[in-house]
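All chains should be modelled from the sequences, with the hints used to inform the complete structure.
Residue numbers (my numbering), protein chains in the order written: chain A, 1 to 208; chain B, 1 to 803.
The hints are simulated quantities; they were obtained by calculation from the structure and are not laboratory data.
The calculated lysine-lysine pairs, modelled on DSS-like cross-linking and capped at a C-alpha distance of 27 Å, are: (1) Lys89(A) <-> Lys161(B); (2) Lys150(A) <-> Lys161(B); (3) Lys108(A) <-> Lys161(B); (4) Lys37(A) <-> Lys158(A); (5) Lys68(B) <-> Lys108(A); (6) Lys198(B) <-> Lys142(B); (7) Lys103(A) <-> Lys68(B); (8) Lys91(A) <-> Lys161(B); (9) Lys458(B) <-> Lys505(B); (10) Lys68(B) <-> Lys177(A).
Simulated restraints on C-beta separations: (11) Lys122(A) <-> Leu186(B): 51 to 61 Å; (12) Gln130(B) <-> Asn50(A): 35 to 45 Å; (13) Thr135(A) <-> Asp234(B): 55 to 65 Å; (14) Leu186(B) <-> Lys108(A): 43 to 53 Å; (15) Ser137(B) <-> Thr135(A): 15 to 25 Å; (16) Glu110(B) <-> Gly166(A): 26 to 36 Å; (17) Glu122(B) <-> Gly166(A): 44 to 54 Å; (18) Asn231(B) <-> Val42(A): 50 to 60 Å.
Think of the CB as a built atom: it goes at the ideal place given N, C-alpha and C, for glycine as much as any other residue.
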Amino acid sequence: MMKLFKNPTPLFISLGLLLASQFVVAAEVTVEVRDSKGNKLVDAIVYIENSKTASQAASKEFQIEQRGRQFNPQVSVVQTGTNINFPNKDKVRHHVYSFSPAKKFELKLYSGVPANPVMFDKAGTVVLGCNIHDTMLAFIHIVDTPYHAKTDGNGVAKISNVPEEGYQLKVWHYALKTENKPAEQAITVKATNAPVVIQLDINDAKLI
Amino acid sequence: MKFKSLKQQIVIIFLTLVLAIQLVGLIPIDRSVDKNVRNLVAKELEVGEKVFLNLLESNNENIINGAKVLAADYGFREAIASNDQETILSALNNFQSRIHADIAIFHGLENEITTVSGDLTEQEALPAVQHLIDNYSASTQKIQFDIFNGMPYQLVAVPIKAPIIIGWMVVGFEIDDVLALKINQLSNLQVTFVQQTKDKSWISNASTLSAEEQRIVKNYFSQVKSDAIANEMDVGGELYETKYLILHDNKDNKLLAVLQRSVTAEIAQFQAMKYSLFILTILGLGVFSIAIIYVSNYIVAPITKLTEYAKQLEFGNYEAEIETDRIDEIGELSKSFSAMREAIATREERVKRLAFGDETTGLPNRAAFIQQLGDRIRVHRNRNQPLSVLVLNLDRFKQINKILGRDLGDVLLYEVAKKIKAVVRGDDLVARLGADEYGVLLSNLTEEQSLIVADKLKKAFEVPLEVAQQKIDVSAGFGIANYPQHGESDEALLHNAETALNVSKLRNSDIVVYHPQLDSGAQENLTMATDLKSAIQGHQLALYLQPKINMQTKQGYAAEALVRWIHPEKGFIFPDQFIPFAEQTGLIQGITLWMLEEACRVHAALKKEGIALTIAVNISTRDLISSDLPEKIEQIFKLHDVTVDAISLEITESSIMDDPVRAEATLQRLSQMGLKIAIDDFGTGYSSLGYLKRLPVQELKIDKSFVMNMATNENDAIIVRSTVDLGHNLNLKVVAEGVENLEVWDLLAKIGCDYGQGYFMGKPMPEKDFKSWLVRWEEQIKSMNADKADTTKKKATVHKIKG
Ligand SMILES: [Cu+2]
Numbered sequence: 001m002m003k004l005f006k007n008p009t010p011l012f013i014s015l016g017l018l019l020a021s022q023f024v025v026a027a028e029v030t031v032e033v034r035d036s037k038g039n040k041l042v043d044a045i046v047y048i049e050n051s052k053t054a055s056q057a058a059s060k061e062f063q064i065e066q067r068g069r070q071f072n073p074q075v076s077v078v079q080t081g082t083n084i085n086f087p088n089k090d091k092v093r094h095h096v097y098s099f100s101p102a103k104k105f106e107l108k109l110y111s112g113v114p115a116n117p118v119m120f121d122k123a124g125t126v127v128l129g130c131n132i133h134d135t136m137l138a139f140i141h142i143v144d145t146p147y148h149a150k151t152d153g154n155g156v157a158k159i160s161n162v163p164e165e166g167y168q169l170k171v172w173h174y175a176l177k178t179e180n181k182p183a184e185q186a187i188t189v190k191a192t193n194a195p196v197v198i199q200l201d202i203n204d205a206k207l208i
Numbered sequence: 001m002k003f004k005s006l007k008q009q010i011v012i013i014f015l016t017l018v019l020a021i022q023l024v025g026l027i028p029i030d031r032s033v034d035k036n037v038r039n040l041v042a043k044e045l046e047v048g049e050k051v052f053l054n055l056l057e058s059n060n061e062n063i064i065n066g067a068k069v070l071a072a073d074y075g076f077r078e079a080i081a082s083n084d085q086e087t088i089l090s091a092l093n094n095f096q097s098r099i100h101a102d103i104a105i106f107h108g109l110e111n112e113i114t115t116v117s118g119d120l121t122e123q124e125a126l127p128a129v130q131h132l133i134d135n136y137s138a139s140t141q142k143i144q145f146d147i148f149n150g151m152p153y154q155l156v157a158v159p160i161k162a163p164i165i166i167g168w169m170v171v172g173f174e175i176d177d178v179l180a181l182k183i184n185q186l187s188n189l190q191v192t193f194v195q196q197t198k199d200k201s202w203i204s205n206a207s208t209l210s211a212e213e214q215r216i217v218k219n220y221f222s223q224v225k226s227d228a229i230a231n232e233m234d235v236g237g238e239l240y241e242t243k244y245l246i247l248h249d250n251k252d253n254k255l256l257a258v259l260q261r262s263v264t265a266e267i268a269q270f271q272a273m274k275y276s277l278f279i280l281t282i283l284g285l286g287v288f289s290i291a292i293i294y295v296s297n298y299i300v301a302p303i304t305k306l307t308e309y310a311k312q313l314e315f316g317n318y319e320a321e322i323e324t325d326r327i328d329e330i331g332e333l334s335k336s337f338s339a340m341r342e343a344i345a346t347r348e349e350r351v352k353r354l355a356f357g358d359e360t361t362g363l364p365n366r367a368a369f370i371q372q373l374g375d376r377i378r379v380h381r382n383r384n385q386p387l388s389v390l391v392l393n394l395d396r397f398k399q400i401n402k403i404l405g406r407d408l409g410d411v412l413l414y415e416v417a418k419k420i421k422a423v424v425r426g427d428d429l430v431a432r433l434g435a436d437e438y439g440v441l442l443s444n445l446t447e448e449q450s451l452i453v454a455d456k457l458k459k460a461f462e463v464p465l466e467v468a469q470q471k472i473d474v475s476a477g478f479g480i481a482n483y484p485q486h487g488e489s490d491e492a493l494l495h496n497a498e499t500a501l502n503v504s505k506l507r508n509s510d511i512v513v514y515h516p517q518l519d520s521g522a523q524e525n526l527t528m529a530t531d532l533k534s535a536i537q538g539h540q541l542a543l544y545l546q547p548k549i550n551m552q553t554k555q556g557y558a559a560e561a562l563v564r565w566i567h568p569e570k571g572f573i574f575p576d577q578f579i580p581f582a583e584q585t586g587l588i589q590g591i592t593l594w595m596l597e598e599a600c601r602v603h604a605a606l607k608k609e610g611i612a613l614t615i616a617v618n619i620s621t622r623d624l625i626s627s628d629l630p631e632k633i634e635q636i637f638k639l640h641d642v643t644v645d646a647i648s649l650e651i652t653e654s655s656i657m658d659d660p661v662r663a664e665a666t667l668q669r670l671s672q673m674g675l676k677i678a679i680d681d682f683g684t685g686y687s688s689l690g691y692l693k694r695l696p697v698q699e700l701k702i703d704k705s706f707v708m709n710m711a712t713n714e715n716d717a718i719i720v721r722s723t724v725d726l727g728h729n730l731n732l733k734v735v736a737e738g739v740e741n742l743e744v745w746d747l748l749a750k751i752g753c754d755y756g757q758g759y760f761m762g763k764p765m766p767e768k769d770f771k772s773w774l775v776r777w778e779e780q781i782k783s784m785n786a787d788k789a790d791t792t793k794k795k796a797t798v799h800k801i802k803g
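The following block contains the structure:
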């Protein structure tokens, strides 16, 4: 379903970045994400992949709370195989579900912490909803790489400890006009890498 | 416009008024009906449109709510998530039948599948679905329509969220006659949905109109461009106020809702109302006409009768009676009319009598006299003939009236009228001009001739009148004015005659013919008054003595003092000519005082010569009324050093009667002084015996008019005799005046009269002649005695007092 290069995203590749790929050392990738108007974009998911990244195991657990009748965080990125807990911090009960093909599940009306976390073992996007509260919405982007990050308030995401190699840089945002087709770009990670600036075509109406 | 009849007026005015009111009412009604109906219809249409839109909106909402239920169903969403087409379709069918929708479509976003319930294919449904999704707005849910297979549908789209939108539910209801009817029931409008198809032809999909009417509406749209659609549409002869709404418009087709309200039907309702109003108006007019005619008859008929009646009055017919039993204003008017008729009749009768007749005497009155005089003057002017106006006025009528009483006074006036008429010619006009004034219009008489008539009248007045078996002496003054020499108009002639009459009264002369100097009467009176005053002061007056003889002793006992005026220019003036004037002006008091003094002086003078003569002085009304007379007399006595027997007083009956109370008081005081008092002219004054009895008088003097002719006139003789008897019965001495011959003397002596006075014994004479008269009288007595020597031995001597 992912069709690479189908919609080429404009790339900004600096000369320094090309030079840095000569050495295999850990480096940091900084990506600045903006929308088409040049505004800083929060909660964009930035990750890099290559042939080696998929085989790296994910051992971390993750948790998405329900607090104040909202998911927190609303946008998350996890590596495939991550167990996610959904602790309910509200006094009301929630019925968390997902009809997304990446992971269909439902946690029928519960309070507190469910007995078992949910394992997300397939890359893709999962849209979380609550069958009780229509306004509750959260996105989990599941990627096959440990090198991922989420843009902060300045629209900047940093991925650290990345071996200096060539990667495919992918940027996804839940309000992307192309839906589940992230922007992609090949990069070579080097220590002297300058920040990569990515511009996404965003459907403003979908922003939460 | 003038009406000849009141009835016509009332009827026409009121009917016009009513008609006008009705018209004024009807015209605006008629005018406003059309306008109002259109306004009303337009308003109904407006309301209907809102009702229509509300209905569509509420439909919309119902559908949305229904669709939302399905869209939120977890199972349905799960089926969508798992792309379970069969489950999705069965859920759609179930949902469609549950909410009685005509179409239910699911359109998934994930894999762009479209599931359609009913007979539609995906290809047919997709463009509309896409359009709906594109136009979706969660906040404003527009009412949307579209056409599937040539049929119009009302459609709604609802997103299916999980929790982001994963697909759409589209639900549609076919627009059919049921919907149109539902709108019609709610809004009372005719509703037609017309559609313009792809090939630009028009079809109607649903309507409350008949097929034929739908065809007309449809044709209308195919003929007229939509932007030129009028508000009114003629649908098979029925006029509709029309409004249309574009429900759907895209390049392929167009859907309109045509809302209509019949103007014709609405007007028909008003028309019916107008018709009944018109009928009512006609009926009302009819009823009103009858009522008005009846009322006007009721009012006018009696007025017509009264008019007829008034005409009768106009012609002098006072006989007709008005009969009415009405108690309203008309009845009141009739009664007033009736009363007026009687009043007019009575008044006319009286006016006739008063205007031209005097009720007391039956003579024409002053007005009639003046009118006749005017008429005669005109006649005589043309004929150049003379004319004479003679007016006469009764002397002392006021007193006579007082004594006789009014009724007898009236009889007297009547008798006077008779007397005058008896003297003048039959066609001479005799009229009563005032209370005691008569006028005679003597035609064709010269001044000389009129004087003869006046003289005849004067003579006629010498015969006493008989009133209620009493003989009453009435004298009169006469004034004459002649046409044309004394005036040429009626007023002037009468005025001048009356001037002459006044002069006659003043001068106490019987007949005065007018001459211009009389007009300056006031001047003349002034002259006379001045003259008289100077006469009193300037010794122009003279005292004459007329002896009073005791008829038994034939001795001179007393004398009456008479005044004479020797005017330096006019010569000898008799008292008759100035005493009435003096009495009127008050100068009489001066004369009386002069007389009293002169009498005292003469008495004193005669006394010195051995003659004791009591001199009688005449006292007038004014003297009697002035209360200081007794004091004045006493002063005179003192002045001349005489005793009370120097004078006696004579008063006339009439002078007492003017103010009996004061007269009596004065007389009492005079009597207490010792003065002897005599009543003069007894028998002419109508005084009552009872009153006379009370007065302190000692003598009665019988008026000479009775005495003079008593030898020849048996009646006079009787009066004299009875008066003498009366006097004696009252203990009074009786004096007869006017003894002019021996015959009368003898008669008087025989009936026991106490004293006599007259030419037979002696005329009034100056003081200086008195002694010689005494000598002559002695001679006369001797001859008288000689005549009857055998019977009378007594010697007539003059009583002498000691010298
Ligand atoms: Cu919830």
